[in-house]
Structure formats: structure tokens, C-alpha cells
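Protein chains: 2
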Amino acid sequence: MTSTENATRNGVDTATLFATLDAVKADTELAKFRFRATNRWLSGTHNQSTIHGFHGAKQEMTHRQPFTFDADHPPVLVGSDQGPTPVEYLLHALAACLTAGIANVAAARGLTLTEVSSTVEGDIDLLGILGLSDEVRNGYQNIKIDFTVRGDDPEKLRKVVEQSCRRSAVFDVLTNGVPVSVNVSTD
Amino acid sequence: MTSTENATRNGVDTATLFATLDAVKADTELAKFRFRATNRWLSGTHNQSTIHGFHGAKQEMTHRQPFTFDADHPPVLVGSDQGPTPVEYLLHALAACLTAGIANVAAARGLTLTEVSSTVEGDIDLLGILGLSDEVRNGYQNIKIDFTVRGDDPEKLRKVVEQSCRRSAVFDVLTNGVPVSVNVSTD
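So the protein sequences, as listed, match chains R and G. Per our numbering, the first sequence starts with residue 1103, numbered consecutively. Per our numbering, the second sequence starts with residue 1103, numbered consecutively.
None of these hints come from the bench; they were simulated from the model. Remember, predicted model here, so these are calculated numbers, not experimental data. You may find that some hints are simply not true.
Straight-line alpha carbon distances no greater than 27 angstroms define the calculated DSSO-like cross-link-like pairs of lysine-lysine that follow [unchecked claim]:
(1) R:Lys1160 <-> R:Lys1134
(2) G:Lys1127 <-> G:Lys1160
(3) G:Lys1258 <-> R:Lys1261
(4) G:Lys1258 <-> G:Lys1246
(5) G:Lys1160 <-> G:Lys1134
(6) R:Lys1261 <-> R:Lys1127
(7) G:Lys1246 <-> R:Lys1160
(8) R:Lys1261 <-> R:Lys1246
(9) R:Lys1134 <-> G:Lys1258
(10) G:Lys1258 <-> R:Lys1246
(11) R:Lys1246 <-> R:Lys1258
(12) R:Lys1127 <-> R:Lys1160
Here are the in silico distance ranges between beta carbons for each label pair [as the list claims (entries may be wrong)]:
(13) G:Asp1129 <-> R:Glu1257: 46 to 52 angstroms
(14) G:Phe1120 <-> R:Ser1283: 31 to 37 angstroms
(15) G:Ser1235 <-> R:Glu1217: 30 to 36 angstroms
(16) R:Pro1168 <-> G:Asp1225: 19 to 25 angstroms
(17) G:Arg1260 <-> R:Arg1260: 48 to 54 angstroms
(18) G:Gly1113 <-> R:Lys1127: 48 to 54 angstroms
(19) G:Asp1172 <-> R:Thr1216: 19 to 25 angstroms
(20) R:Lys1134 <-> G:Ala1117: 28 to 34 angstroms
(21) R:Thr1118 <-> G:Asp1225: 22 to 28 angstroms
(22) G:Thr1214 <-> R:Lys1258: 55 to 61 angstroms
(23) R:Asn1244 <-> G:Glu1237: 38 to 44 angstroms
(24) R:Asp1225 <-> G:Ser1145: 44 to 50 angstroms
We put the beta carbon where it would ideally sit given N, CA and C, even for glycine.
So that you can see chain R by itself, here it is in the shape it has in the complex (with noise of 0.2 angstroms):
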């Protein structure tokens, strides 16, 4: 099997990813981004972002159209469902980012792929952020993802696996932290 950079392979248009990478290292001011959310509380636990405009390659863009998202607690965290919990987009975010470079990593070493598929989960003891114990943190004590891969070359696609890993935002930020500051207006 040959590969050119002018295939599409698994969805992605290799070309233009590479043509993308040439334009970056040609000008690396295009790899600053910053991505933007808002949000606003509705009742209770219960509250909706949206996102859309984000600033990157040296201009503002907006997505196709603004994406709007409920989070809330269950009824059992006396909330009222009307959203998936704030700590499950986490897993959402992990196994959509390191998914999505899977696909990037394989079309860029012309391997095919026919399933990646991922379950994603991640202990939490609630005792901390109740208030209940100083000796529980408050976010997961631990993720774990799992990964069914299928297409060409078994171990070659584990080691996608790996490099989507080690070359993805999402995994580094939840594995090493970022710093986080909160701006309080009462206005």
C-alpha cells in the first residue's frame, strides 16, 4: 500500500494538514490560540455555556454556529438533570481529544483505520467537595481510558495510540494541571 500526501485518509485531508504544518513552522505567531466559553447560571445546579468565537492564526473566527451546552447534577446530587455533570465533560474532553489525534496521527503515518472506539471513566470520593473530609480531594482520584483500535497493523496503531498521547492538549492539561485564575465582579 503507497500513500501521497494528497490522500484523504481516514477523513482527514492529509494535504492540507501538512500544508498547515508548513505554514506554522513558516510563521509560529499562526499557532497562538485562545479559546473562549461563557456561561450563565439558569437555577440551581443547572447553568449553559456557549462557544463560538475563539481567536487563533492571528485572527478572531467563530465556529460554523455558537454551541450551546447544559451541565447540571443528577437528582441524587440534588440537582435537577438537566445536563451531564460538570466532571463527565472531562471524560468527554479526554476521549474526544486524544481520539481525534489518533485519526490525525494515523493519516499522517498512512495507516487506515475502521473503528476507534472509548470508554472513559473516572473515580471520584464526593466526601471532599461535600466539605466531609480534608483528607479527599475534590476531583477525580483517577481516569481511566479505554481504547478499542481497528485497521491496519495492530501494533503500529497502538503506537498512534501512544503518540496521540503524548501530543495531546486535553491529556497534558488533566495529567500536569494548569494554572487557573478566577476575576470576581459584583458590579
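Here the structure of chain R is known, so what remains is to put chain G in place on it, guided by the hints.
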């Protein structure tokens, strides 16, 4: 203004909130939760997660419906923009967790809210994930969230936001990181 444990405030059923705390104090095993998402790759960087079941309070439970979410890259990042990027979901998760906490803490303290809104931004230099620099991390370099909170006593509301940060699962995970294990099946 007086408050009683029976009041619903800010849409939070404080009586049930306090009863839940008492129940967990009496049986701390109730506090152990395992959240879950499943994801499947669709094409290119486009994939979809489903969030439905979770384990908590010593039983398997489900949200009132399966929630599904698409993630993708925008065209400037060689995707088809079928949903936000995975890293944007992290921003939503942070805003959602802190906002739910603000509503709960304010209610527990007998404070009425009229508005909680926020904008959250994350700076990322894609030289990392593109493999073009070993000195640039893959994930966000920093995240900033700006809240507008209105209602009772502004000084008390500021302290509510502080307490929400101190007890937020997502804030903890993002600022401190969490161990992530990755398993791959190619069968």
C-alpha cells in the same frame, strides 16, 4: 432576612442538600462515584461521546436521558467543525462546576443570587501539539475565568466564589492534575 433549612433558594433545594450531607456523613460509602463517557470516532477529527450511566450512592444509575456531544476541529485546524474542540469543553466544564458551586454555597449560606455569568478563556500555543517545539507544552498555558455575580451582599458573594473554587472538582483536576491510564485493544 431569615433563612430556614426548608427553603428553596436560588433553585437549590437546601433541605434536601442538608439531608444529603447528613446521609453521607452517616455512610461515607455513599460518596464514592464513578462517572463515565463512551466515545466513537466518526471521521477525521470528528467524534461523538455519550454520557448516560454512572455509579454512585452504592448503585448503578442513569441520567434521565443519554446526552450526546460532538467534538471536532474547526477548518483552520483541518477539521469539519461539527462541534467544539476538546479543549473548549474543558473551559465549559470549569465554568459549569464553579457556577453550580456558587449556587449551592450561596443557598447554604442563605444568600440570594440574581445573576451568575462568566467568560472563561484559555491560551494555547499549538507549536506543542504540532510537534514543532519541545519547549512548548501541549495544553493550555493558562486559563482565566471572569465572573459577574449579583444578588445579596457583594462581599459575601465574593466569599461564595472563593469557597466554590476551594470545593470544585473541576478546578481541582485542572489546577492539580490527575493520573490518567490508557489501555488499548486492537482485537
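Consistency of the hints with the structure:
1. Of the pairs offered as hints, the one joining Lys1160 of chain R and Lys1134 of chain R holds, with about 7 angstroms between alpha carbons and a cut-off of 27 angstroms not exceeded.
2. Between Lys1127 of chain G and Lys1160 of chain G the alpha-carbon distance is near 14 angstroms, which keeps this suggested pair within the 27 angstroms criterion.
3. For the proposed pair Lys1258 of chain G and Lys1261 of chain R, the alpha carbon gap of about 52 angstroms is over 27 angstroms, so the pair is violated.
4. For the suggested pair Lys1258 of chain G and Lys1246 of chain G, the alpha carbons sit about 22 angstroms apart, so the restraint of at most 27 angstroms is met.
5. For the given pair, Lys1160 of chain G sits about 7 angstroms from Lys1134 of chain G by alpha-carbon distance, which is consistent with the 27 angstroms threshold.
6. Under the criterion of a C-alpha separation no larger than 27 angstroms, the hint pairing Lys1261 of chain R with Lys1127 of chain R is consistent with the structure, at around 25 angstroms.
7. Between Lys1246 of chain G and Lys1160 of chain R, the direct Cα distance comes to roughly 20 angstroms. Compliance with the 27 angstroms bound is thereby established for this hinted pair.
8. Distance restraint check for Lys1261 of chain R and Lys1246 of chain R: the Cα-Cα separation of roughly 18 angstroms lies within the 27 angstroms cut-off, and the hinted pair is therefore satisfied.
9. For a cut-off of 27 angstroms, the pair hint linking Lys1134 of chain R to Lys1258 of chain G is broken: about 38 angstroms separates their Cα positions.
10. For the hint linking Lys1258 of chain G to Lys1246 of chain R, the alpha-carbon distance of about 39 angstroms lies beyond 27 angstroms, and the restraint is violated.
11. A threshold of 27 angstroms between alpha carbons decides the hint, and for Lys1246 of chain R with Lys1258 of chain R the separation of about 22 angstroms falls inside it, so the pair holds.
12. For the hint linking Lys1127 of chain R to Lys1160 of chain R, the alpha-carbon distance of about 14 angstroms falls within 27 angstroms, and the restraint holds.
13. At roughly 48 angstroms, the beta-carbon separation of Asp1129 of chain G and Glu1257 of chain R lies within the given 46 to 52 angstroms, and the hint holds.
14. Remark: the range hint 31 to 37 angstroms for Phe1120 of chain G to Ser1283 of chain R is upheld by a beta-carbon distance near 32 angstroms.
15. Taking the beta carbon of each, Ser1235 of chain G and Glu1217 of chain R are about 33 angstroms apart, inside 30 to 36 angstroms as hinted.
16. Our hint of 19 to 25 angstroms for Pro1168 of chain R and Asp1225 of chain G holds, since their Cβ atoms are close to 21 angstroms apart.
17. Taking 48 to 54 angstroms as the suggested C-beta distance range, the pair Arg1260 of chain G and Arg1260 of chain R conforms, at roughly 50 angstroms.
18. A C-beta distance of roughly 51 angstroms is found between Gly1113 of chain G and Lys1127 of chain R, which places it inside the suggested range of 48 to 54 angstroms.
19. Checked against the hint of 19 to 25 angstroms, the C-beta distance between Asp1172 of chain G and Thr1216 of chain R comes to roughly 20 angstroms, which is consistent with it.
20. Between Lys1134 of chain R and Ala1117 of chain G the C-beta distance comes to about 49 angstroms, which lies outside the given range of 28 to 34 angstroms.
21. The hint said 22 to 28 angstroms for the Cβ distance between Thr1118 of chain R and Asp1225 of chain G, and at roughly 25 angstroms that hint holds.
22. The hinted range of 55 to 61 angstroms is satisfied by Thr1214 of chain G and Lys1258 of chain R, whose Cβ atoms lie roughly 59 angstroms apart.
23. The given range of 38 to 44 angstroms is broken by Asn1244 of chain R and Glu1237 of chain G, whose C-beta atoms sit roughly 29 angstroms from each other.
24. Checking the proposed 44 to 50 angstroms range against Asp1225 of chain R and Ser1145 of chain G shows it is violated: the Cβ atoms sit about 32 angstroms from each other.
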